[in-house]
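If you read the protein sequences in the order shown, they are chains A and B.
Take the first sequence: its letter number 292 is residue 291 in numbering that gives the first Met the number 0, and every next letter is one higher.
Take the second sequence: its letter number 370 is residue 369 in numbering that gives the first Met the number 0, and every next letter is one higher.
Quick caveat, the hints were computed from the structure, so don't treat them as lab data.
Some hints could be false.
To be verified - Among chain B residues calculated to face chain A with C-beta under 7 Å, some are:
{"id": "1", "residue": "I82"}
{"id": "2", "residue": "V83"}
{"id": "3", "residue": "T86"}
{"id": "4", "residue": "T127"}
{"id": "5", "residue": "A128"}
{"id": "6", "residue": "N164"}
{"id": "7", "residue": "F228"}
{"id": "8", "residue": "S229"}
{"id": "9", "residue": "T230"}
{"id": "10", "residue": "A233"}
{"id": "11", "residue": "P422"}
{"id": "12", "residue": "A426"}
Quick reminder that beta carbons are idealized off the backbone N, C-alpha and C, glycines included.
The primary structure of each chain is shown beneath.
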Amino acid sequence: MRAYLLSRLAQTALVVFLSLSAVFAMVRLGGDPVLLFMPMDIQAKDVNEIRQRLGFNDPLPVQYARFVGGALRGDFGESLRYRRDALGLVLERLPATLLLAASAVLLTLVVAVPLGVVTAVRRNTLVDHAGTLATVIGQAVPGFWLGLMLIYVFSVQLRWLPTGGMGSLAHLVMPSVVLAAFFSARIARLTRSAMLEALGEDYVLTARAKGLTEPRVVAKHTLRNSAIPIVTLAGLEIGQLLGGAVITETIFAWPGLGRLTVQALLNRDFPVVLAAVFVISATYTVINLLVDVLYGWLDPRVRLR
Amino acid sequence: MRSFFRAVIALTVVALAVPALAQDRVKSKEIVIGLGAEPRTMLAVTIVDWTTNNMLEHIYDRLLDRDPKTFKPVPMLATGFKIVNDTTWEFTLRKGVKFHNGEPFTAQSVKATLEYALDPASKSHYATASYWGPLKEVQVVDDYTVRFLTKQPWPNLIDHASLTNLLIMPAKALKELGPAKLAEKPIGTGPFKFVEWRRDERLVLERNTDYWGGPADASRVTFRFIPEFSTRMAALLSGEIDIMKDVPPHAVEAVERSGRARVRSTVSSRINYLALVNLKPGPMQDVRVRRAMNHAVDVDELIKAVLKGRATRMCGPLAPANVDYAPVECYRYDSARAQALFKEAGVEPTKLQLTLDTPAGRYPLDKDVSLAIAAQLQRLGIKTNVVVNEWGTHLDKIKNRNTGELFFLGWGPALNGQGTIQPLFLADQTYSSYGNNKVIDEKIARAVTVMDPKGRAAAYAELQKLVHDEAPWVFLWQQHDLYGVANTVEWTPRADEKVWMYDAKIVAR
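Next comes chain A alone, as it looks inside the complex (with noise of 0.2 Å):
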């Protein structure tokens, strides 16, 4: 076990490395990253000055090199907008990030497995169709679109929730549900399938022939053998999740990590991309881990000696 966490390790630090090496190499491939945060009546003179002051103006390699020997310190150096450690806006983010992560995929949990369960059960009842229905609507339906009606709905009409920002639990509500929406309705329709596959397994008839009652058969031999995809898809939705969900943040004002790195991007502060991409892409990377760990805990088949 320790073996193959190690070497599990060593891969996710390949990974992170390459994706940051990746990454350096792209957004050098975009324009100056000095006019964008300098005033538009700067001189030409000064622009070079301070692209020579920041290094730009070197080779590559050279820039890549130094960029290599800072990551490695942990320092991503300075956010070119902000003026503050790159790193350290970044993590600033992450817990209002995690935050609403947490908040979303536990709200998908709670209703799209039960529903999955209950459609697959229930096949072709009215219940059913109706699930069936919901979990199409969920996924057709923008994120934004969702957003804004609730914001219309339940903050201009009814002033229950506010709009947006960050605070209290009422704060939470709106931006959760519109993350979850889309996410319950694919896992749901997940959850269904696999259960309707696992129901008609011989272990099923063999419980049910042994006279196991029917919650027993459903919550004991068929869920738990449906939940290796569920898994799978979850873990890589909470990846997604932890990468910040841009939209959402933006239309409810959330201060966190999507919007941070949307606008490091289109502002090319390289620091702050590249510590938000080294950031994500570790949290990624020890998800998919955690993801790896819980198949040997769920399907002993795969359980390593």
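We have chain A already, so just place chain B on it with the hints.
Same frame as chain A, now just chain B:
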């Protein structure tokens, strides 16, 4: 990692707090403003950014203010100034002013602030040639008299001292605490004190009851950063915020109908123009073609049809909101005249293929305006290909002279002549589209050094006439800034885009 844990703690604390309601805010005299963008730093005289300075000015005072109507310099931390000789200015400072930490404001504060800005270690944008670069030295004469020595005659100094380019920091605190600490907790002499800044979320200020100009009406000012306009508008209509910046023209009616707020608008000093690029080969090299373009574009129609009247037409390069403005005659929309000019230049409009570069969403309806201009040119048979750029790409293209023959750009807040004419009509400037005109080059070089106010006015008036005749742009308009303002707040927007809360009054309705 420390910032991570600090943020976790902050999060837990605020999770228990509940936002104040609109009626409570009236009682406690609080104002909440919804802006699309947040400040970049809380450190004064470091980053040139209008949004940042707008907020910093609530905390820090300048030497001089500008009258919002006449744009003339008026006293602030300096009670007066005189020009000693062509390269020496003397400011008399206000007595009895204290910083928020109790430190007295003196000539040392002015000196320390400018020395911080000019110190290469501070990497301040203000050390560059377009800002405090021409300054040689600051001399303390006595506690309340300070002299600015410049490298060359620099009449524009007065504009820099009255704009946001000189926010006075406390000398002792700057030395003892250092800039990093002042960035975390700014200490100024301004009408509001810093309370907290939560990045991408809010900036909270409280009233400075000892303000030298008398305390503000608002006891607490909160700037909330809400990037999406629909959300900002919903926040205004639901009573979460009291002032909303940038109401789009199509949403004006909805705000007015709400019964909770109304739209206040002002003509902005920010200008929009269509550059006719002569810095690269092509038809725009010919002044007759550039003039023809000015006759071919119907600016009034654009204002009426695209901007719903929310713009004020300009005839030359400067707007009346500019201190150096002088009137020039407008190019009239006249397609026959345009045709004649094209013919004179030997250009057949129906064979003309132009490219127009435009940003999208940077200026009011910029992309729509560009498309409408292309449609207007089509009436003469001119084919115009509109290219929509992401903002950074747009700037790159202009700087590298890679745009089409035409591009759309805004400039501002353009408050003095030098700030517009010098960077935009000289070939070696970063974002210029026009240049290499010997007469204009010389006149600009002279105008920026004229110390005598009358001579300066004459020099800029002559330049405006010259530029108008050279037609380097299709002169378009000054933007209008639209704000949604709650009925409980009395506040007049300003031409310079500053949301200035010292002027705001809270009234029960």
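Worksheet item: Hint by hint, which ones does the structure fall short of?
Response: Result: hints 1, 2, 3, 6, 7 and 12 break, sorted rising.
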